Structure formats: C-alpha cells, structure tokens
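Q: The residues making up each chain are set out below.
Number of protein chains: 2
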Amino acid sequence: MEKLYVIKIGGNIIESENLLDLFLQDFSTLNYGKVLVHGGGKNATKFAEELDIKSMFINGRRVTDKKTLRIVDEVYSGLNKDIIIKLFYNGCKAVGYTGKEDSVISATKRGLLDGVDYGYVGDINEVNGDALYEKIQQGYVPVMSPLVYDRETGYKLNTNADTIAYFTAKSLVKYYEVHLVYCFELKGVLENIEDKNSVIPEITPSYYEQLKQKGIISQGMIPKLDNAFEAIHAGVSSVIICKADDMKSIINEGASLGTTIRK
Amino acid sequence: MEKLYVIKIGGNIIESENLLDLFLQDFSTLNYGKVLVHGGGKNATKFAEELDIKSMFINGRRVTDKKTLRIVDEVYSGLNKDIIIKLFYNGCKAVGYTGKEDSVISATKRGLLDGVDYGYVGDINEVNGDALYEKIQQGYVPVMSPLVYDRETGYKLNTNADTIAYFTAKSLVKYYEVHLVYCFELKGVLENIEDKNSVIPEITPSYYEQLKQKGIISQGMIPKLDNAFEAIHAGVSSVIICKADDMKSIINEGASLGTTIRK
Numbered sequence: 048m049e050k051l052y053v054i055k056i057g058g059n060i061i062e063s064e065n066l067l068d069l070f071l072q073d074f075s076t077l078n079y080g081k082v083l084v085h086g087g088g089k090n091a092t093k094f095a096e097e098l099d100i101k102s103m104f105i106n107g108r109r110v111t112d113k114k115t116l117r118i119v120d121e122v123y124s125g126l127n128k129d130i131i132i133k134l135f136y137n138g139c140k141a142v143g144y145t146g147k148e149d150s151v152i153s154a155t156k157r158g159l160l161d162g163v164d165y166g167y168v169g170d171i172n173e174v175n176g177d178a179l180y181e182k183i184q185q186g187y188v189p190v191m192s193p194l195v196y197d198r199e200t201g202y203k204l205n206t207n208a209d210t211i212a213y214f215t216a217k218s219l220v221k222y223y224e225v226h227l228v229y230c231f232e233l234k235g236v237l238e239n240i241e242d243k244n245s246v247i248p249e250i251t252p253s254y255y256e257q258l259k260q261k262g263i264i265s266q267g268m269i270p271k272l273d274n275a276f277e278a279i280h281a282g283v284s285s286v287i288i289c290k291a292d293d294m295k296s297i298i299n300e301g302a303s304l305g306t307t308i309r310k
Numbered sequence: 048m049e050k051l052y053v054i055k056i057g058g059n060i061i062e063s064e065n066l067l068d069l070f071l072q073d074f075s076t077l078n079y080g081k082v083l084v085h086g087g088g089k090n091a092t093k094f095a096e097e098l099d100i101k102s103m104f105i106n107g108r109r110v111t112d113k114k115t116l117r118i119v120d121e122v123y124s125g126l127n128k129d130i131i132i133k134l135f136y137n138g139c140k141a142v143g144y145t146g147k148e149d150s151v152i153s154a155t156k157r158g159l160l161d162g163v164d165y166g167y168v169g170d171i172n173e174v175n176g177d178a179l180y181e182k183i184q185q186g187y188v189p190v191m192s193p194l195v196y197d198r199e200t201g202y203k204l205n206t207n208a209d210t211i212a213y214f215t216a217k218s219l220v221k222y223y224e225v226h227l228v229y230c231f232e233l234k235g236v237l238e239n240i241e242d243k244n245s246v247i248p249e250i251t252p253s254y255y256e257q258l259k260q261k262g263i264i265s266q267g268m269i270p271k272l273d274n275a276f277e278a279i280h281a282g283v284s285s286v287i288i289c290k291a292d293d294m295k296s297i298i299n300e301g302a303s304l305g306t307t308i309r310k
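From first to last, the protein sequence lines are chains A and B.
So for the first sequence, our numbering puts the first residue at 48; every next one is plus one.
So for the second sequence, our numbering puts the first residue at 48; every next one is plus one.
Since the hints were derived computationally from the structure, they do not count as laboratory data.
Quick caveat, the model's predicted, so the values are computed rather than measured.
Do not rely on the hints blindly, as some may be mistaken.
Each pair may be met inside one copy or between any two copies, as identical chains are not told apart.
Said to hold, decoys possible - Calculated cross-link-like contacts (lysine to aspartate or glutamate; reagent style EDC-like; alpha-carbon spacing at most 20 Å):
(1) Lys-147 to Glu-97
(2) Lys-50 to Asp-242
(3) Lys-243 to Asp-149
(4) Lys-156 to Asp-242
(5) Lys-140 to Asp-129
(6) Lys-114 to Glu-96
(7) Lys-261 to Asp-177
(8) Lys-295 to Glu-49
(9) Lys-114 to Asp-99
(10) Lys-89 to Asp-129
(11) Lys-147 to Glu-256
(12) Lys-101 to Asp-161
(13) Lys-114 to Glu-97
(14) Lys-50 to Asp-149
(15) Lys-133 to Glu-148
(16) Lys-89 to Asp-120
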C-alpha cells in the first residue's frame, strides 16, 4: 500500500507568513501522497477586533453568531487560498476545501450545551474518503480548512482542525498506509514540560497508561493523545506529534524526532 | 515587438462565480502576453452590510474609513486569490498584486475634496512597468486588484480599476505592442443606447469629436473614452471596449466585435 501523510498545522505557523512559507516549501518536497489540514489561528479574532465586532463568550466558550461566522469564513477561506497559491508556486497542485456545498466533510450543528446555544459550531460526522481519494489520484493535494458545510441548514459551521485531521486520516485507511502528523510549537510530547528537549520518542497504549498513572503527561496533552490512539485503532499506521521544522526530515529522511504513537 | 494585452474586468463578471470561471478559461487561452486587472464589484458592500457596518456617504460619495478599508481589503484580496487559483487550474501561472508593500503601483492618498476627507482613497501616480516586465518575462501573468499601497502613510488605498488598467498599459509600451481591453456588459460603444446591437466598430479622434457633437455618445461613456484616447496618445496601440464573452474571439481570431479605439 502506498504511504500517505495527513499533516495538521496550527496557530503559530499560520500567523507568521514567513513560517508558513518555510513550512509549505518543506511540505511540497514530501515524497508521498499528502493532505494538509490547517487551523484558523488568531487572525479572525484580530479582524473582528479591527471591525469592532465583539465576540460573545458564555462560560468561557465563544459563541459563533452570524457575524462571527462571516468573519471566520472570510479569514479562513483567505488563508486556505494563500496556502493553495504558495503550494502552486512550490510546484504542488493543491485543491482547497473551505466548507462550500461540495465539501467532503459532513457535519451537524452542535445542539444546546447546558442549555446554551453556542451558534454555528459543528461536530464532524465523517470525511468522504472516496472523494478525497479520487482527487489525490488526479494529482491534487487536498488542503482543508476547519470550516464545514451543514447540508441540513445550508450554513457553514466552525469546527476543530485536529478533529478534521483525525477523521481525514481515518477516511483514507482503505486506500493508503496513512500516517497522521500533528505539527505544533514543541519538539514532541515532553517527559518534563520544563525541559523542551525531553521528548518521549515513542508511546504505545501500555506505555501511555503508565505515563498517565505517573502523572507525566500534562492535562493539555491528554485529549490530543486520546485522539491519536483513536486514530491508531481506526487503522492509521502511526501518529507523529512534532515541531513543524522537523516534519520534513522525519518523513523524507526517517529522522528520529518528535513523538510517534503506535499500536 | 511582441503583443501584450492588458485586460480589465468589472462588476458583472466578478459577482458571478460562473461567469468568472468562463471568462478565466477564455483568458487562459490567449496566445499573447497578458495582464489582468479586476475591479471590486459589490461583494465588499454586501459583506459590510452583513456585518452591520454602515457605509458613510457625503455628497453621494462613499467615505472609505478604516473599517471599510479593512473589509474592502479582505474581499478584494480574496477575489484576487480566487482568480489566481482559477488561472492555475487553467494552466496559467499567475501572480497577484493586492496593495502589499511590494506593490508595483505607486499612489497618493487623495486630499480634501471641497473640504471633505473621503478617507483611504488613492490617486495613482504610476505603475512600475519594469517590475511587471520582469515578472512577465519569467512566465507570470500579473493579476491586479484596485487596492494600492501608499509608501508615505503605510496604508492601503482604494482606487479605480479602469485607471489601473490605463496606467499599466502605458507602463508597458516600451517593452510590448500593448493593447488595452475593457470588458463590460455591453457589446461595445453603442450608437443607440436602446439598441444593444448598434455597436460602433471603430472610433478615431476625429470621429469621436463628431460623435460627441451629435450627442450620440452617452454621458457615462465619455470618461471611459477620454481615458482610452489618453492611452492611445501614451503609446498604447489600440483600446478595445467589448463584452467579456467576445474578448477571446477578438484577440485570438481577430473577430470584428466590440469597439476599437485607434489613433
């Protein structure tokens, strides 16, 4: 089976044009099939502030009202297009998925949470792997934004890029040997949060239990790792959590960097 | 001298994704050097309305305040990126100019008009033809949005796409035999505004005077034609005013459609 990498990038890379350029240069050189999933970063919040559009928060969670959704849509779609264009300049034929009607992601508007309607926020049901596979076979690199389309209401919904990456990886396991890579600020999962170099090279399910019991894994990391193990159980071959700068050497040269999650 | 076409598209094409797709397919097939200049259309106004951001008008003219400018910037840049991506899909390597610091267009913020400050509106001083020439020689097709950068203030300024097209055409006459094409809704300059087929095939300066004296040319058309004659006097070989659908056959097949303005 051919190898395919689903790679997720987040805030720090997206908010710096320079970092994004460097990352996309690396991404373009990957020798395997690939899909890119990007988060939204803080650009939408900044744009809303410039327009004096207040974000409403209830119980610490943002309410995505109609205006916020329009802003998020404009900014995320703009970012998606930037990525597509930069990839083209690097010789990589990309296609964007930004929550238009023909989106490959199906999602449902989230219901009330403790009686509160948080607005246009979606939960992903599934990613259409067949449609993605077809595009990839045609030589395209899918680039997915965290906005999805709700067929029932006709609205776009705001979702989570980590989850899109997970569902995308899962949807492609019948066609490829899929590896899921989460790029973030740190070099990997750390044994000691104070020591940025204390990367744990590999985590298996039994080792994960030990790490949790010993309290070595920080609270914030647990949902990410739970997600990673779910992907593994759904047939994804490995999940790598690494710094964006290291992504290329890990994939193209097999460098032992970042944290790999395996069965 | 090699032929080069500077082509301007406006509102009607930009506001319909379908028309834009068709136009860009045609544009991609043009056998000559080419530059595309696009207007903004009504998308920015619609977006502002959705966000409840009121446009202020004084004496019937819009005031481009900071918020309006941010909206215009986001929407026009998004449109520019859409065009770049669609051109790529049609096999055409495009590069966007959207009023960033490295813009090839130099402009100055317009001063007070009858004592009123209309905000971030710019008058174009010149287009850097040498920089465009270099890009074109590298195989790029420049795509220009009506936003420009003011080096003095560091702000973007809103300008007029017709004028950008004119300055762009003028800036390239030392390198190419330049033809300037204004695509719009009608088939050309009409002898009788009621008869959409009464296209005047060719207008020379002396004929233009006759047409004006006889009152055949409508008020709205006069600035466009004055502009066209200025381009001709600046060394542009011809100015064509035509319907977007006819652009391809006029350029590639020499079809006698639209109105041609010559010396």
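Q: Could you run down the list of hints and mark each one as holding or not?
A: Comparing the hints with the structure gives:
1. For the identical chains of this complex, Lys-147 and Glu-97 are inter-copy neighbours only, at 18 Å across copies versus 26 Å inside a copy, given an alpha-carbon limit of 20 Å.
2. Proximity of Lys-50 and Asp-242 under a CA criterion of 20 Å is satisfied in neither setting, with 33 Å inside one chain copy and 63 Å between copies.
3. When the C-alpha separation of Lys-243 and Asp-149 is checked against a cutoff of 20 Å, the pair qualifies neither within a copy, at 42 Å, nor between copies, at 38 Å.
4. Taking the shortest Cα distances, Lys-156 and Asp-242 never come within 20 Å of each other, neither inside one copy (40 Å) nor across copies (52 Å).
5. In this assembly of identical chains, Lys-140 and Asp-129 lie within 20 Å of each other by CA distance both inside one copy and across copies; the values are 13 Å within and 15 Å between.
6. When the C-alpha separation of Lys-114 and Glu-96 is checked against a cutoff of 20 Å, the pair qualifies both within a copy, at 12 Å, and between copies, at 10 Å.
7. With identical chains, the CA atoms of Lys-261 and Asp-177 are never at most 20 Å apart, being 42 Å at best within one copy and 65 Å at best between copies.
8. Proximity of Lys-295 and Glu-49 under a CA criterion of 20 Å is satisfied intra-copy only: 18 Å inside one chain copy versus 43 Å between copies.
9. Both within a single protomer and between protomers do Lys-114 and Asp-99 lie at most 20 Å apart by alpha-carbon distance, with minima of 11 Å and 9 Å respectively.
10. Taking the closest pair of Cα atoms, Lys-89 and Asp-129 come within 20 Å of each other only inside a single copy of the chain (16 Å); across copies the shortest separation is 22 Å, beyond that limit.
11. In this homomeric assembly, Lys-147 and Glu-256 never come within 20 Å of each other (Cα to Cα): the closest approach is 41 Å inside a single copy and 51 Å across copies.
12. In this assembly of identical chains, Lys-101 and Asp-161 lie within 20 Å of each other by CA distance neither inside one copy nor across copies; the values are 23 Å within and 36 Å between.
13. Taking the shortest alpha-carbon separations for Lys-114 and Glu-97, both the intra-copy value of 14 Å and the inter-copy value of 7 Å come in at or below 20 Å.
14. In this assembly of identical chains, Lys-50 and Asp-149 lie within 20 Å of each other by CA distance neither inside one copy nor across copies; the values are 26 Å within and 40 Å between.
15. For a Cα distance limit of 20 Å, the shortest separation of Lys-133 from Glu-148 across copies, 18 Å, qualifies, whereas the shortest one inside one copy, 24 Å, does not.
16. Taking the shortest alpha-carbon separations for Lys-89 and Asp-120, both the intra-copy value of 13 Å and the inter-copy value of 18 Å come in at or below 20 Å.
Of the hints listed earlier, those the structure fails to meet are numbers 2, 3, 4, 7, 11, 12, 14, in rising order.
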